[in-house]
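J.: For reference, the chains in residue letters:
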Amino acid sequence: MRELRSELTRLNRRGIWLGWLGLMAVFAVLINTVIYTIAANGSAPPGGGPGVAFPTMATLESSSGIVAGVSSAASMFGVITLSFWAIATASDYSTGLIRLLAAAQPHRWRLLLGKIGALLIWTALATTAAEVVNLAAALPSAEAAGISTALWMDDLVGEIARAWLTSFSASVVWGIIGLVLALLSRSSAIAISVGVGWVLLIETIIKTASSEAGQWLPGTTLTALAQGGTDDLSFAGAVLIGCIYAAVGLIIGLVIFIRRPITE
Amino acid sequence: MLTSIIETDTSAASITTDGLLRQFGSLTALDRVTVTLPRGGVVGLLGPNGSGKSTLIRILLGLIPPTSGQATVLGHPTTKPARYAGDVGALIEAPSFVPGLSARKNLLSLARLRGLPTTRVAEVIRIVGLEGRENESVRRFSLGMKQRLGIAAALLPDPALLILDEPTNGLDPAGIVEIRQLLKTLAAEGRTVVVSSHLLAEIQAACDYLVIIRFGELMFSGPMGELLDKAGARIEVAPEHPADVDRLRVALAAAGWSLEDDSLVVHGSPADAAALNRAAHEAGITLSRLTPINESLEDVFLEMTAAPTRDPVAASQGARKKASTNA
Ligand SMILES: Nc1ncnc2c1ncn2[C@@H]1O[C@H](COP(=O)(O)OP(=O)(O)OP(=O)(O)O)[C@@H](O)[C@H]1O
Ligand SMILES: [Mg+2]
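These protein sequence lines map, in sequence, to chains A and B. At position 30 of the first sequence the residue is numbered 30 (the UniProt record's numbering), and the sequence of numbers has no breaks. At position 32 of the second sequence the residue is numbered 32 (the UniProt record's numbering), and the sequence of numbers has no breaks.
Be careful, since some hints might not be right.
[Said to hold, decoys possible] Pair ranges (Cβ atoms, derived):
no.: 1; chain 1: A; residue 1: 247; chain 2: B; residue 2: 114; range: 53 to 63 Å
no.: 2; chain 1: B; residue 1: 114; chain 2: A; residue 2: 40; range: 34 to 44 Å
no.: 3; chain 1: A; residue 1: 240; chain 2: B; residue 2: 117; range: 39 to 49 Å
no.: 4; chain 1: B; residue 1: 274; chain 2: A; residue 2: 263; range: 49 to 59 Å
no.: 5; chain 1: A; residue 1: 161; chain 2: B; residue 2: 144; range: 51 to 61 Å
[Said to hold, decoys possible] Chain B side only, calculated, beta carbon under 7 Å to chain A, not exhaustive:
no.: 6; residue: 100
no.: 7; residue: 104
no.: 8; residue: 173
Simulated from the structure, these hints should not be mistaken for lab results. Glycine included, each C-beta is placed from N, C-alpha and C at the ideal position.
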């Protein structure tokens, strides 16, 4: 598909490699350091805010301990994904490149699908980078904190695959939200601010006001999705709501992109 | 059949517009413009800042819809841009690229989008004279180099119709001459090149056909040579005997010629010389002089585009705004 190859060519630049994969790797290291240090101190894990969900000691010592970092930092990875999807989308408008692209391929839905395809590939790459770094960081972190890793090898492949899939799926939904925000605002700064502001601020406020409604909000849902389900929201429920967010986002994105005149 | 007649009609034209109107809120950027542009040759699209040139180009490329009216490009309606997109290359306002990518990678991504062989990238880089710089990041390009890269992108599909919006913007004088030459060469190879500018002098030498718009209104559309005739070509006459000056004025006015005040300058093109001479002769006056006054095209163009139909204060504010955004 021409649109996909074209978009991949544009994304293949140093800023994206360093920025996207680099940030994922840095946070994979950080999260491992943090969760094991907290667990080792014996203090109760801080109540799961919308940003990070801290695993319990039992989780860390179970077979899924080795990928606990990936699940815990799901929101962080999500926000990074949201940002890069938003940057890749909004920069076409800020540079004016969208004029050339739409003039060369007037079937705009093909342009958008090409972009989404390319970003899916990048999200897969970034998820893989985060998981590889996580695997490398988990063992030394656990040893430094004196946490038993005896069960870690029990279902290694299964745990890794599960963590990758859930983390990837959650990130993709985050990315689609970033894409839609960028198409609406045509500005990556606004799209990222709204996306991050939502998770950090607005969603927390709504959750405080009504924990019932809170379960349906994107930050909470996607965290549950990345962790394979939580006490409040089952994995199946999270998958369902995540799919709804993704589908609604894709439809809104396509309609805006196809119908809005290009006046940049 | 009616449809086939229409199709044969428009196939001789590169671009047609019919009552093309585009409004942005209360502002009318294009005011019912109807033109037919020939196929082949260089077509100049002229107009001062904010006259609607870029708006027209955006409509032609299917980027924005007109408020009302229709247009065709290479025989296809602008409501179906996919039918002609492969044959049209365009530079729309400022050239636009991914700043963090090299010139070559930028062109490569556009070539891939159009399904073109990657060898075409090197070809267009050579045509616009960017060899040796193609692996540098576009971020470090000068304005003129970006402009060349924009032209290279427009040339990628080897288009039958090339639309360049102010291509000489930011180019040095040698670059302007070079691009002008390039446009002529491309047109000589059978392509249609539409080039917009707000400076007639810049493209005058290259154009075969001209369209002039001012504040969205069509002021002129026709072959280059027709512009002089149409827009106030004048002939200066003088009687053999200076005493006959007043009599000649009266006689010419009576014969229907319009004269400039207190002079013997008649509004008419060189083609009117014989008729003028006859009118003088019938009044019994022999002309000793019959000289067409050659106005520069720039004068004609300024005359056509200067008189503001809009509030002049608003117009100059618009111009200032434009200048500050360019800075
Ligand atoms: N997206 C838009 N929203 C509102 N007004 C617009 C928009 N695009 C163009 N205009 C207005 O339409 C008018 C024509 O603009 P256009 O860009 O077509 O002029 P132009 O002839 O290309 O000028 P220039 O020589 O400065 O490039 C201007 O008054 C401009 O302010
Ligand atoms: Mg313009």
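J.: Does each hint hold? Answer for all of them.
T.: Against the structure, the hints come out as follows:
Judged by the Cβ atoms, the range 53 to 63 Å given for residue 247 of chain A and residue 114 of chain B is violated: they are separated by roughly 31 Å. The supplied range of 34 to 44 Å is broken by residue 114 of chain B and residue 40 of chain A, whose beta-carbon atoms lie about 58 Å from each other. A hinted range of 39 to 49 Å for the beta carbons of residue 240 of chain A and residue 117 of chain B is consistent with their spacing of about 46 Å. Under the hint 49 to 59 Å, the C-beta atoms of residue 274 of chain B and residue 263 of chain A, about 53 Å apart, fit the expected range.
Between residue 161 of chain A and residue 144 of chain B, the C-beta spacing of about 54 Å keeps the proposed range 51 to 61 Å intact. The interface hint given for residue 100 of chain B holds, since its Cβ lies 5 Å from the closest Cβ of chain A, which is under the 7 Å cut-off. Because the beta carbon of residue 104 of chain B sits about 10 Å from the nearest beta carbon in chain A, more than 7 Å, this interface hint is broken. With 7 Å as the threshold, the beta carbon of residue 173 of chain B stays out of range of chain A, its nearest partner Cβ sitting at about 26 Å, so the hint is violated.
Checked against the numbered hints listed earlier, the structure breaks hints 1, 2, 7 and 8; every other hint is satisfied.
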